[in-house]
Amino acid sequence: MNQKRIKTRAKINLALEVLKKREDGYHEVKMVMQTIDLYDKMEFKIIPKDIIIHSNHKWVPKDQRNIVYKAAKLLQKQYRVQQGVEIKIYKNIPVSAGLAGGSSNGAGTLKVLNELWGLHLPLKTLIEHGKRIGADIPFCLLEGTALAQGIGEILHPLPSLPPIWLILVKPPIYVSTAWVYRNLNLNKDKQGSEVYSMIEGIKRGKIEEILPYLYNELENVTISAHPEIAHIKKRLRQLGAMGVLMSGSGPTVFGICKDRESAQFIYKNMKKQYREVFMVKTYNKEDICDDGNRYE
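In our numbering, the protein residues as written are 2 to 297.
These are computed hints drawn from the structure, not numbers from a lab. Quick caveat: nothing in here was measured; it's all calculated off a predicted structure. Just so it is clear, CB atoms sit at the ideal spot from N, CA and C, and this is done for glycine as well. Be a bit skeptical, because a hint or two may be false.
[Stated by the list, open to error] DSSO-like mimics (lysine-lysine), calculated; alpha carbons at most 30 Å apart, straight line: (1) Lys78 <-> Lys50; (2) Lys22 <-> Lys42; (3) Lys273 <-> Lys46; (4) Lys207 <-> Lys89; (5) Lys59 <-> Lys189; (6) Lys71 <-> Lys50; (7) Lys259 <-> Lys92; (8) Lys5 <-> Lys204; (9) Lys207 <-> Lys234; (10) Lys59 <-> Lys132; (11) Lys207 <-> Lys272; (12) Lys204 <-> Lys74; (13) Lys204 <-> Lys273; (14) Lys5 <-> Lys59; (15) Lys189 <-> Lys8; (16) Lys22 <-> Lys8; (17) Lys272 <-> Lys204; (18) Lys74 <-> Lys5; (19) Lys235 <-> Lys282; (20) Lys273 <-> Lys31; (21) Lys31 <-> Lys89; (22) Lys235 <-> Lys272; (23) Lys189 <-> Lys42; (24) Lys22 <-> Lys50; (25) Lys89 <-> Lys5; (26) Lys235 <-> Lys132; (27) Lys286 <-> Lys234; (28) Lys63 <-> Lys21.
[Unchecked claim] Derived Cβ-Cβ restraints for the label pairs, each shown as a range: (29) Tyr27 <-> Ser225: 21 to 27 Å; (30) Glu24 <-> Pro173: 23 to 29 Å; (31) Ala179 <-> Pro49: 25 to 31 Å; (32) Ile155 <-> Pro49: 21 to 27 Å; (33) Asp51 <-> Asn188: 21 to 27 Å; (34) Glu209 <-> Gln265: 18 to 24 Å; (35) Glu44 <-> Trp180: 32 to 38 Å; (36) Arg66 <-> Arg276: 36 to 42 Å; (37) Asn270 <-> Asp51: 18 to 24 Å.
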């Protein structure tokens with residue numbers, strides 16, 4: 002086999018706490034992460050040499066700055082691979098949205114080239130490589146529902162939630178993740194851990210059990226610079242979302258819906274105001290086993 006096509010899926014954070022800033026500049030976090038069925042498509046073809054990147058999205062770099070290039074180059078250099086690869090990225094996940102779209106592309110690249118280049122590396126090794134490129138890549142390699150600690154590389158799989166209908170709204174705003182973390186007050190008093198409460202809710206297996214514990218410590222910082230995010234949260238609630246939260250450092254907001262009909266109603270109304278609105282479901286381990294990441 003010298004070529005392959007895959008889907009790479011986005012994530013949301015159901016709970017996100019920041020513990021401290023480390024000496025290496027990264028932040029220690031504790032997060033509950035969930036894969037969702039919003040995906041990009043990627044095509045890989047082995048070529049004699051070089052790493053060539055194509056994309057349908059004008060804001061995706063085609064050179065060494067691209068996380069996909071970095072992932073391919075890391076494996077090529079680390080294992081002295083003599084072949085090259087041509088990679089096409091068809092973006093559907095919004096760029097710079099707090100949904101790990103780029104990280105999912107990077108994770109997909111590690112998985113596919115591990116296979117096409119015949120490296121036979123275990124998932125644990127891919128995760129070690131992935132964390133050197135991006136903090137969300139380890140989770141994007143694992144997928145499903147998981148507790149992420151450290152900078153995101155220490156992963157503990159969690160039981161799968163029942164399928165949840167979601168509405169995602171990405172306003173036309175750019176958020177600098179570095180700026181958000183710089184402006185986060187790590188000295189303020191914290192109550193109990195919402196992350197562990199969220200985990201207990203997940204173990205009980207009902208959507209209603211997780212709603213009280215939706216939490217993102219970065220949210221207030223991002224909203225202070227972009228109050229439109231608070232407006233989106235309010236509007237989603239008004240339209241019937243059972244729970245709403247900003248994902249990652251933003252600006253995307255997701256709403257948890259009671260059922261498909263509720264999701265369709267909210268989608269139709271939010272689409273009147275925002276261009277990037279998505280109606281998707283959560284994506285669990287059972288789904289991963291069913292169809293892998295292939296696309297036809």
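Each hint tested on the structure:
The straight-line distance between the Cα atoms of Lys78 and Lys50 is roughly 12 Å, inside the 30 Å bound, and the hint therefore holds. The suggested pairing of Lys22 with Lys42 is violated, with an alpha-carbon distance near 35 Å, which exceeds 30 Å. Between Lys273 and Lys46 the alpha-carbon distance is near 40 Å, which puts this suggested pair outside the 30 Å criterion. Simply put, Lys207 and Lys89 have alpha-carbon atoms about 39 Å apart, too far for the 30 Å limit, and the pair is violated.
Annotation: proposed proximity of Lys59 to Lys189 is violated, straight-line Cα distance about 41 Å (limit 30 Å). In summary, the hint linking Lys71 to Lys50 is supported, as the alpha carbons are separated by about 15 Å, within the 30 Å threshold. For the given pair, Lys259 sits about 28 Å from Lys92 by alpha-carbon distance, which is consistent with the 30 Å threshold. Taken as a hint, the Lys5 and Lys204 pair is broken in the structure, with Cα atoms around 36 Å apart against an allowance of 30 Å.
Taken as a hint, the Lys207 and Lys234 pair is honoured in the structure, with Cα atoms around 22 Å apart against an allowance of 30 Å. Note on Lys59 and Lys132: the hinted pairing holds, with a Cα-Cα distance of about 26 Å set against a maximum of 30 Å. Between the alpha carbons of Lys207 and Lys272 the distance comes to roughly 28 Å, so the proposed pair stays at or under 30 Å and holds. Between Lys204 and Lys74, the direct Cα distance comes to roughly 39 Å. Violation of the 30 Å bound is thereby established for this hinted pair.
Restraint check: the Cα-Cα separation between Lys204 and Lys273 comes to about 37 Å, which exceeds 30 Å; the hinted pair is violated. The suggested pairing of Lys5 with Lys59 holds, with an alpha-carbon distance near 23 Å, which does not exceed 30 Å. At roughly 41 Å between alpha-carbon atoms, Lys189 and Lys8 are farther apart than 30 Å, so this suggested pair is violated. Straight-line distance between C-alpha atoms of Lys22 and Lys8 comes to about 34 Å, which puts the hinted pair past the 30 Å bound.
Simply put, Lys272 and Lys204 have alpha-carbon atoms about 34 Å apart, too far for the 30 Å limit, and the pair is violated. Only pairs whose Cα atoms come within 30 Å are accepted, and Lys74 paired with Lys5 is accepted, the gap being roughly 18 Å. Note on Lys235 and Lys282: the hinted pairing holds, with a Cα-Cα distance of about 21 Å set against a maximum of 30 Å. The hinted pair formed by Lys273 and Lys31 fails the criterion: a straight-line CA distance of about 36 Å is larger than 30 Å.
Taking the CA atoms of Lys31 and Lys89, the gap is about 33 Å. The hint is violated against a cut of 30 Å. A C-alpha spacing of about 15 Å is found between Lys235 and Lys272, which places the hinted pair at or below 30 Å, so the restraint holds. A C-alpha spacing of about 42 Å is found between Lys189 and Lys42, which places the hinted pair above 30 Å, so the restraint is violated. Between the alpha carbons of Lys22 and Lys50 the distance comes to roughly 40 Å, so the proposed pair goes past 30 Å and is violated.
For the given pair, Lys89 sits about 11 Å from Lys5 by alpha-carbon distance, which is consistent with the 30 Å threshold. Taking the CA atoms of Lys235 and Lys132, the gap is near 35 Å; set against the 30 Å cutoff, the hint is violated. In summary, the hint linking Lys286 to Lys234 is supported, as the alpha carbons are separated by about 29 Å, within the 30 Å threshold. Proximity of Lys63 to Lys21 is assessed by CA-CA distance (about 34 Å); at most 30 Å being required, the pair is judged violated.
Hint check: Tyr27 to Ser225, Cβ distance near 23 Å, so the stated range 21 to 27 Å holds. For the pair Glu24 and Pro173, the beta carbons lie near 37 Å from each other, so the given range of 23 to 29 Å is not met. For Ala179 and Pro49, the Cβ-Cβ distance of about 38 Å falls outside the hinted range of 25 to 31 Å, so the restraint is violated. Distance hint for Ile155 and Pro49: a CB-CB separation of about 39 Å, inconsistent with the stated range 21 to 27 Å.
Distance hint check: the CB atoms of Asp51 and Asn188 are about 49 Å apart, inconsistent with the given range 21 to 27 Å. Between Glu209 and Gln265 the CB atoms are about 21 Å apart, so this pair conforms to the stated range of 18 to 24 Å. At roughly 34 Å, the beta-carbon separation of Glu44 and Trp180 lies within the given 32 to 38 Å, and the hint holds. Between Arg66 and Arg276 the CB atoms are about 26 Å apart, so this pair departs from the stated range of 36 to 42 Å.
With their beta carbons about 48 Å apart, Asn270 and Asp51 fall outside the hinted range of 18 to 24 Å.
The structure is inconsistent with the numbered hints 2, 3, 4, 5, 8, 12, 13, 15, 16, 17, 20, 21, 23, 24, 26, 28, 30, 31, 32, 33, 36, 37, although it conforms to all the rest.
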